[in-house]
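Novice: Residues per chain are reported as follows:
Protein chains: 2
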Amino acid sequence: MSGILYGVGVGPGDSELITLKALKLIKSAEIIAYPKLEGSESFARTIIAGFIEFPKKEIVIDIPMSEQRLPAQKAYDIAAERISTYLEADKNVVVLCEGDPFFYGSFMYLHSRLSGKYETEVIPGVSSLTTCAAVANRPLAARNEVLAILPGPLSEEELTRRLSDTNSAAIMKVGRHLKKIKRVINDLGLTRFSYYVERASLKEQKVLTLAEAPEIAPYFSMILVTKGEDPWL
Amino acid sequence: MSGILYGVGVGPGDSELITLKALKLIKSAEIIAYPKLEGSESFARTIIAGFIEFPKKEIVIDIPMSEQRLPAQKAYDIAAERISTYLEADKNVVVLCEGDPFFYGSFMYLHSRLSGKYETEVIPGVSSLTTCAAVANRPLAARNEVLAILPGPLSEEELTRRLSDTNSAAIMKVGRHLKKIKRVINDLGLTRFSYYVERASLKEQKVLTLAEAPEIAPYFSMILVTKGEDPWL
Numbered sequence: 000m001s002g003i004l005y006g007v008g009v010g011p012g013d014s015e016l017i018t019l020k021a022l023k024l025i026k027s028a029e030i031i032a033y034p035k036l037e038g039s040e041s042f043a044r045t046i047i048a049g050f051i052e053f054p055k056k057e058i059v060i061d062i063p064m065s066e067q068r069l070p071a072q073k074a075y076d077i078a079a080e081r082i083s084t085y086l087e088a089d090k091n092v093v094v095l096c097e098g099d100p101f102f103y104g105s106f107m108y109l110h111s112r113l114s115g116k117y118e119t120e121v122i123p124g125v126s127s128l129t130t131c132a133a134v135a136n137r138p139l140a141a142r143n144e145v146l147a148i149l150p151g152p153l154s155e156e157e158l159t160r161r162l163s164d165t166n167s168a169a170i171m172k173v174g175r176h177l178k179k180i181k182r183v184i185n186d187l188g189l190t191r192f193s194y195y196v197e198r199a200s201l202k203e204q205k206v207l208t209l210a211e212a213p214e215i216a217p218y219f220s221m222i223l224v225t226k227g228e229d230p231w232l
Numbered sequence: 000m001s002g003i004l005y006g007v008g009v010g011p012g013d014s015e016l017i018t019l020k021a022l023k024l025i026k027s028a029e030i031i032a033y034p035k036l037e038g039s040e041s042f043a044r045t046i047i048a049g050f051i052e053f054p055k056k057e058i059v060i061d062i063p064m065s066e067q068r069l070p071a072q073k074a075y076d077i078a079a080e081r082i083s084t085y086l087e088a089d090k091n092v093v094v095l096c097e098g099d100p101f102f103y104g105s106f107m108y109l110h111s112r113l114s115g116k117y118e119t120e121v122i123p124g125v126s127s128l129t130t131c132a133a134v135a136n137r138p139l140a141a142r143n144e145v146l147a148i149l150p151g152p153l154s155e156e157e158l159t160r161r162l163s164d165t166n167s168a169a170i171m172k173v174g175r176h177l178k179k180i181k182r183v184i185n186d187l188g189l190t191r192f193s194y195y196v197e198r199a200s201l202k203e204q205k206v207l208t209l210a211e212a213p214e215i216a217p218y219f220s221m222i223l224v225t226k227g228e229d230p231w232l
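Chains S and U, in that order, give the protein sequences. No gaps in the numbering here: position 69 of the first sequence is 68 in numbering that gives the first Met the number 0, and each next residue is one more. No gaps in the numbering here: position 68 of the second sequence is 67 in numbering that gives the first Met the number 0, and each next residue is one more.
The hints are simulated quantities; they were obtained by calculation from the structure and are not laboratory data. One or more hints might be untrue.
The list makes no distinction among identical chains, and a pair is therefore deemed to hold if it is satisfied within one copy or across any two copies.
[To be verified] Straight line, CA to CA, 25 Å or less: simulated DMTMM-like cross-link-like pairs of lysine to aspartate or glutamate:
1) K226 - E157
2) K202 - E120
3) K226 - E120
4) K55 - E15
5) K226 - E29
6) K23 - E157
7) K55 - E211
8) K73 - E156
9) K226 - E118
10) K179 - D164
11) K172 - E118
12) K181 - E66
13) K205 - E118
14) K23 - E52
15) K181 - D164
16) K56 - E37
17) K178 - E52
18) K179 - E66
19) K178 - E87
20) K23 - E87
21) K56 - D76
22) K202 - E118
23) K56 - D186
The shape of chain S in the complex, shown without the other chains:
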């Protein structure tokens, strides 16, 4: 017998966009774990900090600042090891995940290491995808429309090909790829259908047309391209 690994989505940033289910699990948890990027606070922990009484036992997953995969993978190796010690001792561990755990979330790195060995339950959360659409006041897709979720690091050619073949798209992980993405969208004549959203649902949130977007974007930014048909018809 061993503990349960919970991957809990805490939503996009606004603390009120957490679900009742996530909140209940987090409040009753003895042990919480969360990623923390080198040099910053843990975003996931700040989302829930107002709701719970610390100290609980906290497992900090220290993610080094690096474009390389190996250092982050190493951090997840260490975290998985620490978490499994508790699971082996029949303790549940609640892993906090920004947005939704299975939608481009870092929880997958723990999931791939631990879900084969331990009972795992994932609590879905409000994703950045639908939050960006909500704050931009732009419907993502309806009826028989195709929606493409595209990571910003894709090549110019691939972004061009995929954006020409979809009703709407969300481009994730914009960051330093913004300039390239703007060029692709502009060359396709889609700029007037495109919106830039930064830190959706937080106080510092920015919603701009793509034409107004800055040259450099933070990691937590997204571009929506919604050229969908008129849902009135």
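Fit chain U to the given chain S structure using the hints.
Specialist: Quick look at chain U alone, frame taken from chain S:
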């Protein structure tokens, strides 16, 4: 001056997957509106029924059972008219939306009719997309993977083309298209990567491999195809 139109995502079905924000808005609302399919209870209303004290003023959007667009569009014309009467009288109206309002949600039909004239705010909800992934215990996408959201009614040719050109996919609105979708996935050799999820997060939920899936599916069902790379690496 007029009232505010709120499109509020109430999540996929489990009442605990509602957000604090949605709950607060619904509890304090004087007037709620929701779609109700002919012959059944309103799914959106049942999700929140345990939380609030009725009667409030309720606007029922009666959706006729029909494959045609026109009767449903007519129902939204009537609902928009009724809602605008309250908005004009400076009353806020909270529209309940299953899942997320902007992710293949029927709220768009009201949004397209009313958001140009009245202040509109959308509260994102937990979508069926990430809920199906959570209950199937299958990560949707990570890193630079492409995720395609495809409606089941697409033609066999289009489904084939799009499924061959993505890391993972979610096929929505499966319903009576299940047989066709199974054939496409099978012909592409993707059956072993594919999962069938019905009524995710509800007590009646079913999670099956695609090979085990029934021949006929309800409307609230989804197929996940997740052939993504191993996130361990």
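Novice: Each of the hints needs a verdict: does it hold here or not?
Specialist: Evaluated hints:
1. K226 - E157: Intra 19 Å, inter 19 Å, cutoff 25 Å: intra and inter.
2. K202 - E120: between (31 Å within a copy, 16 Å between copies)
3. K226 - E120: Only across copies: K226 and E120 sit 21 Å apart there, 37 Å inside one copy, limit 25 Å.
4. K55 - E15: The answer is both: 22 Å in one copy and 24 Å across copies each meet 25 Å.
5. K226 - E29: neither (47 Å within a copy, 35 Å between copies)
6. K23 - E157: neither (42 Å within a copy, 43 Å between copies)
7. K55 - E211: neither (44 Å within a copy, 43 Å between copies)
8. K73 - E156: neither (32 Å within a copy, 43 Å between copies)
9. K226 - E118: between (42 Å within a copy, 22 Å between copies)
10. K179 - D164: The answer is both: 18 Å in one copy and 22 Å across copies each meet 25 Å.
11. K172 - E118: neither (31 Å within a copy, 30 Å between copies)
12. K181 - E66: within (22 Å within a copy, 39 Å between copies)
13. K205 - E118: between (39 Å within a copy, 19 Å between copies)
14. K23 - E52: both (13 Å within a copy, 22 Å between copies)
15. K181 - D164: both (17 Å within a copy, 23 Å between copies)
16. K56 - E37: within (20 Å within a copy, 51 Å between copies)
17. K178 - E52: This pair counts as neither: shortest intra-copy Cα distance 43 Å, inter-copy 51 Å.
18. K179 - E66: Classified as within: same-chain Cα gap 18 Å, cross-chain 42 Å, threshold 25 Å.
19. K178 - E87: neither (48 Å within a copy, 43 Å between copies)
20. K23 - E87: within (23 Å within a copy, 39 Å between copies)
21. K56 - D76: within (19 Å within a copy, 54 Å between copies)
22. K202 - E118: between (37 Å within a copy, 20 Å between copies)
23. K56 - D186: Close neither inside one copy (52 Å) nor across copies (50 Å); limit 25 Å.
In summary, the structure is inconsistent with hints 5, 6, 7, 8, 11, 17, 19, 23 from the numbered list given earlier, while agreeing with the others.
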